[in-house]
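There are 2 protein chains.
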Amino acid sequence: MKAEIITIGDEILIGQIVDTNSAWMAQQLNDIGVKIERIVTIPDALDEITAALAAAEKRADVVLITGGLGPTKDDVTKKALAEYFKCGFTFHADIEAHIARLFARFGKEMSKLNSLQAELPSACEPLQNNQGTAPGMWFTQNDTVFVSMPGVPYEMKGLMKDHVLPRIKSTYALPTILHRTILTMGMGESWLSERIAEWEDALPAHIKLAYLPSPGRVRLRLSAFGPDLGALAYSIFTEERKLTKLIPELIYGYDDDTIEAVVGELLRGKRQTVSTAESCTGGLIAHKLTSVSGSSDYFQGSIISYANQVKIASLGVSELDIQTHGAVSEAVVTRMAEAVKAKMQTDFAIATSGIAGPTGGTDEKPVGTVWIAVAGPNGTTAKKYLFGQNRERNIEISANTALNMLRKQLI
Amino acid sequence: MKAEIITIGDEILIGQIVDTNSAWMAQQLNDIGVKIERIVTIPDALDEITAALAAAEKRADVVLITGGLGPTKDDVTKKALAEYFKCGFTFHADIEAHIARLFARFGKEMSKLNSLQAELPSACEPLQNNQGTAPGMWFTQNDTVFVSMPGVPYEMKGLMKDHVLPRIKSTYALPTILHRTILTMGMGESWLSERIAEWEDALPAHIKLAYLPSPGRVRLRLSAFGPDLGALAYSIFTEERKLTKLIPELIYGYDDDTIEAVVGELLRGKRQTVSTAESCTGGLIAHKLTSVSGSSDYFQGSIISYANQVKIASLGVSELDIQTHGAVSEAVVTRMAEAVKAKMQTDFAIATSGIAGPTGGTDEKPVGTVWIAVAGPNGTTAKKYLFGQNRERNIEISANTALNMLRKQLI
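Sequences listed follow chains A and B, in order. Here the first sequence stands for residues 1 to 411, where the numbers follow the numbering used here. Here the second sequence stands for residues 1 to 411, where the numbers follow the numbering used here.
Treat the hints as calculated values from the structure; they're not laboratory data. Do not rely on the hints blindly, as some may be mistaken.
Identical copies carry no separate label here, and so any pair may be met within one copy or between two of them.
[To be verified] List time: in silico SDA-like cross-link candidates among lysine to any residue, alpha-carbon distance up to 20 Å:
#1 K157 to R393
#2 K35 to D74
#3 K161 to R393
#4 K108 to K384
#5 K208 to I17
#6 K157 to V18
#7 K157 to I17
#8 K78 to A123
#9 K108 to N142
#10 K408 to W24
#11 K161 to N390
#12 K208 to D74
#13 K108 to L192
#14 K79 to T90
#15 K108 to L386
#16 K58 to V40
#17 K245 to R167
#18 K35 to L46
#19 K384 to S329
#20 K58 to R38
#21 K108 to I177
#22 K35 to I17
#23 K2 to V40
#24 K157 to P213
#25 K86 to D47
#26 K35 to D47
#27 K79 to D47
#28 K35 to A45
In this text, all values refer to a predicted model and were calculated from it rather than measured experimentally.
Please work from the sequences and hints to get the whole structure.
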């Protein structure tokens, strides 16, 4: 059972948007045992689209196509599909009515261009798009299924969940793949790899290991292939247990866990609360925490003290400490954590103060120097880190590291 | 001058990471007039890599390859390159010394695996990687150039800037493409398209228009093709001026501008400052503002008042207002903006309070209801919005809309 993804869009080929759809689709398909063999991005051009469809039909059982279905003139996917499947167009009154209802919900009138979105290649079976105006289309030819979906991520996701995934599951006898990803923080890829080399070398042949590094983290993905789901689950379970014994302090979660969700669950379980006082992370820790639905159960609030004046006025940092030690110091970050904890009456508090860069570094405190403090019921811990040169990366790693410091106090 | 990108990595095909590299490379190449015709993602498998190289060689002048160069066992790109170019391996002592220096800088010892990264296919010319341990590799065969780079984004970017882009520019006579992107907020794609239809229909044949919608925004990309850069620039300039007259209130920036950078520049120009009081956006506005280097010139700080208790204690919101109008109300959001403005002594302040979802909605205030206030020297403006059902999208659109409300007060 092989699948391919075709992404249509000049905007991707000139680099104006990042193709996040393919990763999401690939993940969903992998979860049900469909292997993605290839992802191809091509331009909004009729010939390129029909050529890509022909090439994919030779290789794949399922071809998922996104993009080029907008109401505007630069989108040609529908035309290309009609040409490839040698058919005309059919107008679907029920789809037009659905589009009109979507507009009515927002108190707006349907535009003429949107009404035309109800006209589809006659060879397709339309798939209702509950999130937007462009319907999905399902085609079958020579035992290959082609599904065309809009490129807008939440519309594509709705169509996948409502129609495409259930249909693929019921149509095909799917092989068994089991993935398990162990999420680690605190050690680079090379050292981690040396530390677990013996375990890695002894992995059974049907289990594959991949290292997936990203700023401040390395994810270890185990993939097991075989006929029997139970046997795969057992062998993954066994290997994971061995690995956990080797690097217990580095593991912060599994699979799609995020550090903010892991911390949130720990806080919820203990009925405890958190606040943050952020300087160099500028609100990213608060944003991460609140991106988790239900975070109001444990997150109270933050004081983002970017300016020293705010550190002094809102967090009671002493001017003398700033003069003596600098804003990026143990004294200041400790005070920030303790002050916000008291002010917001939380059980824990995180504080950060650092030099994100690219400017502001000195010999003594180069760009990438970050102090992080966690205040809790048993006192406050502060730690100095030296990250890299890149501002965006430094902010991201600081936020993740701070959340991980809190996690360690919660376990 | 045609280029293709080959991304190697199982982690992309199983959807565990999003391929952001291709978009960045495509953008850089487009800027110098190189057209990306295709982006292909394939697995970490020897046969697939050599087959993709062979296919790309037939079509492209330049083939950029990323991924599969890590020190660990699952990476096979070097092996595949040696096989494709029918060569052995050469050990480069100077590269090993460079890797050792990188480790020394962080006070660590080079691992054995990293030392092996100095062994490269003999057919390549090595490209020094100043950001990491895996060197780039430059191959030429039958008039096609192949460049292999690591998949770690900042390492790839360093190699592109230090070696690949300058070399491509000096090697090829590049054709002329000029892009100009006009960034709009406040009107959906279909309505915008109807509003500018007459202008769009009258565009000269050598200018192409594309609509690039994303949450809360539509970017309009003009691309001009032709022999003479000056003529292209003049025709883009002319069309942009006509468009600006049609939708002046919708345009917030151009090309790679972000709303946070635009707002930051406006504040800096006026020597004015801003603070935020965020409930539903949970710190995202502060994070966006501080993601801009130099933002300490105008951003003072924020109070993230997620819990009502924090709204009351830290922002002086009245308990009665919360009881009478609810936390998501004009009264509360107005008070939040004015309080943080006074507290942080800024010229402007932004406040948000809303129901991001998926839970917490009522008939009167469904999920997606967001109040945004901007307080400034001439008083406070508050506005109610109804966004959608998706939490992440609602937070993102709320932050962008709030920044745009501030922008309008600054122009």
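Verification of the hints:
1. K157 to R393: between (29 Å within a copy, 14 Å between copies)
2. K35 to D74: between (32 Å within a copy, 18 Å between copies)
3. K161 to R393: The answer is between: 18 Å across copies meets 20 Å, while 33 Å in one copy does not.
4. K108 to K384: Classified as between: cross-chain Cα gap 17 Å, same-chain 55 Å, threshold 20 Å.
5. K208 to I17: between (32 Å within a copy, 17 Å between copies)
6. K157 to V18: For K157 and V18, the Cα distance is within 20 Å both inside one copy (16 Å) and across copies (16 Å).
7. K157 to I17: both (18 Å within a copy, 17 Å between copies)
8. K78 to A123: Result: close within a single copy only, 11 Å intra versus 45 Å inter.
9. K108 to N142: For K108 and N142, the Cα distance exceeds 20 Å both inside one copy (43 Å) and across copies (58 Å).
10. K408 to W24: neither (30 Å within a copy, 36 Å between copies)
11. K161 to N390: Between copies only: 15 Å across chains, 38 Å inside a chain, cut-off 20 Å.
12. K208 to D74: between (43 Å within a copy, 8 Å between copies)
13. K108 to L192: For K108 and L192, only the inter-copy Cα distance (14 Å) is at most 20 Å; the intra-copy one is 56 Å.
14. K79 to T90: Intra 12 Å, inter 52 Å, cutoff 20 Å: intra-copy only.
15. K108 to L386: between (53 Å within a copy, 13 Å between copies)
16. K58 to V40: For K58 and V40, the Cα distance is within 20 Å both inside one copy (15 Å) and across copies (17 Å).
17. K245 to R167: neither (41 Å within a copy, 49 Å between copies)
18. K35 to L46: between (27 Å within a copy, 17 Å between copies)
19. K384 to S329: Close inside one copy (8 Å), not across copies (42 Å); limit 20 Å.
20. K58 to R38: both (13 Å within a copy, 19 Å between copies)
21. K108 to I177: Classified as neither: same-chain Cα gap 46 Å, cross-chain 38 Å, threshold 20 Å.
22. K35 to I17: between (25 Å within a copy, 16 Å between copies)
23. K2 to V40: Both. Shortest intra-copy (14 Å) and inter-copy (16 Å) distances satisfy the 20 Å Cα cut-off.
24. K157 to P213: between (26 Å within a copy, 16 Å between copies)
25. K86 to D47: within (14 Å within a copy, 35 Å between copies)
26. K35 to D47: Intra 27 Å, inter 17 Å, cutoff 20 Å: inter-copy only.
27. K79 to D47: Intra 11 Å, inter 35 Å, cutoff 20 Å: intra-copy only.
28. K35 to A45: This pair counts as between: shortest inter-copy Cα distance 14 Å, intra-copy 27 Å.
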